[in-house]
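Here is how the chains run, residue by residue.
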Amino acid sequence: MTVWILIAVIVLFILWMIFIYNRLVTLRNEVKNAWYQIDVQLKRRHDLIPNLVSVVKGYMEFERDTLERVISARTKALSAVSLREKAVAENMLTQALGRLFVVIENYPSLKSNENVMQLQEELTSTENRIAFARQLYNDLVANYMIKREVFPDNIIASLFAFRGAEYFSTEKADRILPVADISIGTK
Amino acid sequence: MPLTFIDIEKQKSWRIGILFIFLLFMYFCVSAALFQGFLLIFPVFFLKSGFILSESNLPYLLILIAFSLIVAIIHFCFSAFGAVRSVMDNLGASPPDPEDGIHIRLMNIMDEIHIVTGNKRKITCMVIPSLSMNALAVADLKDDAVIAITEGLLSRLTRPQLEAVVAHEAYHILSGDCLETTIAASLFGMYASTLEKMMDPGEEGYRGFHPAFLLFWLLIKLSNLLSMFISREREYRADAASLRMTRNPLAMAEALQLLSKNWAGVGLISTGIEMLCIVNPQASELDESEGWWADLMSTHPPIRKRMEILLKMARVSISEFGAKASSKTKAFDISDTPEALYYALDSKQQWQGPYSYADLASLSWISPLTWVSAGPTQTVERASENTLINKIFTDRLSQTEKEISAFTCPFCKHPLFTVSYENTKVYQCNFCGGILVENNKIPRIIARREKKCTDRVKSLAKAVLIDNQRKLTIKKLRSVEIKTKSGITCSKCKHPMFRTFYSLAYLIEIDRCNICGVTWFDMDELEMLQCIIENKITPIVGLQQIPL
Chain V
577 MTVWILIAVI
587 VLFILWMIFI
597 YNRLVTLRNE
607 VKNAWYQIDV
617 QLKRRHDLIP
627 NLVSVVKGYM
637 EFERDTLERV
647 ISARTKALSA
657 VSLREKAVAE
667 NMLTQALGRL
677 FVVIENYPSL
687 KSNENVMQLQ
697 EELTSTENRI
707 AFARQLYNDL
717 VANYMIKREV
727 FPDNIIASLF
737 AFRGAEYFST
747 EKADRILPVA
757 DISIGTK
Chain P
247 MPLTFIDIEK
257 QKSWRIGILF
267 IFLLFMYFCV
277 SAALFQGFLL
287 IFPVFFLKSG
297 FILSESNLPY
307 LLILIAFSLI
317 VAIIHFCFSA
327 FGAVRSVMDN
337 LGASPPDPED
347 GIHIRLMNIM
357 DEIHIVTGNK
367 RKITCMVIPS
377 LSMNALAVAD
387 LKDDAVIAIT
397 EGLLSRLTRP
407 QLEAVVAHEA
417 YHILSGDCLE
427 TTIAASLFGM
437 YASTLEKMMD
447 PGEEGYRGFH
457 PAFLLFWLLI
467 KLSNLLSMFI
477 SREREYRADA
487 ASLRMTRNPL
497 AMAEALQLLS
507 KNWAGVGLIS
517 TGIEMLCIVN
527 PQASELDESE
537 GWWADLMSTH
547 PPIRKRMEIL
557 LKMARVSISE
567 FGAKASSKTK
577 AFDISDTPEA
587 LYYALDSKQQ
597 WQGPYSYADL
607 ASLSWISPLT
617 WVSAGPTQTV
627 ERASENTLIN
637 KIFTDRLSQT
647 EKEISAFTCP
657 FCKHPLFTVS
667 YENTKVYQCN
677 FCGGILVENN
687 KIPRIIARRE
697 KKCTDRVKSL
707 AKAVLIDNQR
717 KLTIKKLRSV
727 EIKTKSGITC
737 SKCKHPMFRT
747 FYSLAYLIEI
757 DRCNICGVTW
767 FDMDELEMLQ
777 CIIENKITPI
787 VGLQQIPL
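The listed protein sequences derive, respectively, from chains V and P. Quick note on my numbering: the first sequence kicks off at 577 and runs consecutively. Quick note on my numbering: the second sequence kicks off at 247 and runs consecutively.
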């Protein structure tokens, strides 16, 4: 009699292990997928920027400084390798673009130009997509870490060497809100 | 609440089961009552007892149950599987136009929502061509899910506000609320609307009443109760979910305030599907009250309470918010910030003006050599020397790169240029300034207010309205047809066009082709129409001398 109970317990235990292991594997892959989704949106932004700069360049001779800042931030973002470098470069690019849009507000004929409006909409959408992709990534990482560290499951996790994932965080310096810089002219 | 939006709550499916049982019960009752009635009239002698529900008639009872089961299943399948399609057709919704700037914005926002929810469910978006402001979400058993937004709402919300509204609706779909509500609405909707017609006193004042309808009425009310049971709580949760996605409580609060102040679509959205909307189209006092009875019977929570919760999160007090909101609505005021005005010297050496920048651009005789001045005491300079005015000419040069469309102007026979007017594509003749618009784009153009109504257009509109009012009266007195052939042919299909007024409420003369659905507006007519509708200009009604 007790032999049957023991066998039943062992079988249940193995089933539970399999269930937990599969869940951890699924979550780990979802995290990896979400990470690459962010890259997709970042690439979209990199591709849109040269278009915007070429359209705007003709109208804004006095703003060469702002434009150059955008171009250099983009090149730096393209060449970044590690996660830390990428995060920093992308944040700087966001700030440079923000400043450019504020400057565009001062040129009414540019603001009503259809191409510029379309590009502005596309870039706003891309910024949102990047933000949402990061949000999703962070949510998934949190979910994965919780399932990895909760008491009975963390035994399985350490047994099968499930590594932790890193959150996509902003640098402390970037937490300072960028001030809208609306002065025209050379800086 | 789950940590991510990936965990779709499947608990709602048991309620759908209850709805089906309800339907079955209803059909069983009806068929039993009918059969009982039949028995009373024609006593059938192979039945052991005259009363159908007694145990001795068990085999007949079973037949009755089987029959009502079949009917219930057919009804359920028809309504639950095709609900999305029927609701959309009812509202006249269509997919967004990929060439329209604001529809593109909506499509981008849908993509963003898909990203933030991890692409777990494909949601399509549709646009309802109505000036009311509402949004609804529908889902059916075929796994279709649609968010439909009215043109009025699309044109009046800023991007962050639109994101908040779409996120709210998306949560309803993803959490399964929508499926349940759609099925409830479509199952009993048919009977609910016939019941409404029955209960309406009608022209003769006779109210038809039949005992069977009492049963119907009871069952419908019970099913409504079932759906409304946690309806209020659902709206709060959807608001919170939208916040978690967009992280912008102020935008959601602003959107709710705009929704509460405007026409929410009563008359357009039929009773039954009102539960699917973000704001109740038939906003009633019951909705705005609190307490357990209101919680049970109304479909939407009071908007003020929703806003309070959101504003508490944003740490903004309601009075502060109200002040900010009233300063923002000034953007729709015609009397805006004073623009810089200029005077220009015409060929007869007369100073004309004052003109704003937009008026100057529309003057036909202005050139880079024209003398302009900001006022009697200001400096006089050539138009090309003033950097702002010079932009008029550089813009004109850059505008010649506009696309030539395949259509020609019905009057001048010149090719029409594709122009973007109020963010949507229309065709304009450079020569006479007339515009060709497809009929399905007109509600959009009327709903959007980016083009400011200048004083010139306003005064022109008033004069034209008075003139047209006289013309209309003359035509009516002489019993002449209001719609006449205008002698020009349609640019698209080459059939003759008809000259008529846009509508009897808005007396602007236009040429319309009913075969291919386009309208031709002469120069300024489209702007005048927009101006009249936005500012509610009406002609002066009164006794006037009408020449005979």
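If you're looking for bench data, these hints aren't it; they were derived computationally from the structure. A quick note: this is a predicted structure, and the numbers were derived from the prediction, not measured. Wrong hints could be hidden among the right ones.
[Stated by the list, open to error] So the derived list for chain V, only partly shown, Cβ under 10 Å to chain P, looks like this:
#1 N609
#2 Q613
#3 D615
#4 E690
#5 Q694
Note that the Cβ used here is the ideal one computed from N, Cα and C, for glycine as well.
Does the closest beta carbon of chain P sit nearer than 10 Å to the beta carbon of D615(V)?
violated (13 Å)
Evaluation of the interface hint that places Q694(V) against chain P, nearest CB under 10 Å:
This hint holds: Q694(V) lies near chain P, its Cβ roughly 7 Å from the closest one there, short of 10 Å.
Under 10 Å, Cβ to Cβ, is where N609(V) needs to be relative to chain P, so tell me if that hint holds or is violated.
OK, holds: N609(V) within 10 Å of chain P, min 9 Å.
Would the hint on Q613(V) stand, with a C-beta cut-off of 10 Å toward chain P?
holds (7 Å)
Once the shortest beta carbon distance from E690(V) to chain P is found, is it less than 10 Å?
holds (5 Å)
Checked against the numbered hints given earlier, the structure breaks only hint 3 and satisfies all the rest.
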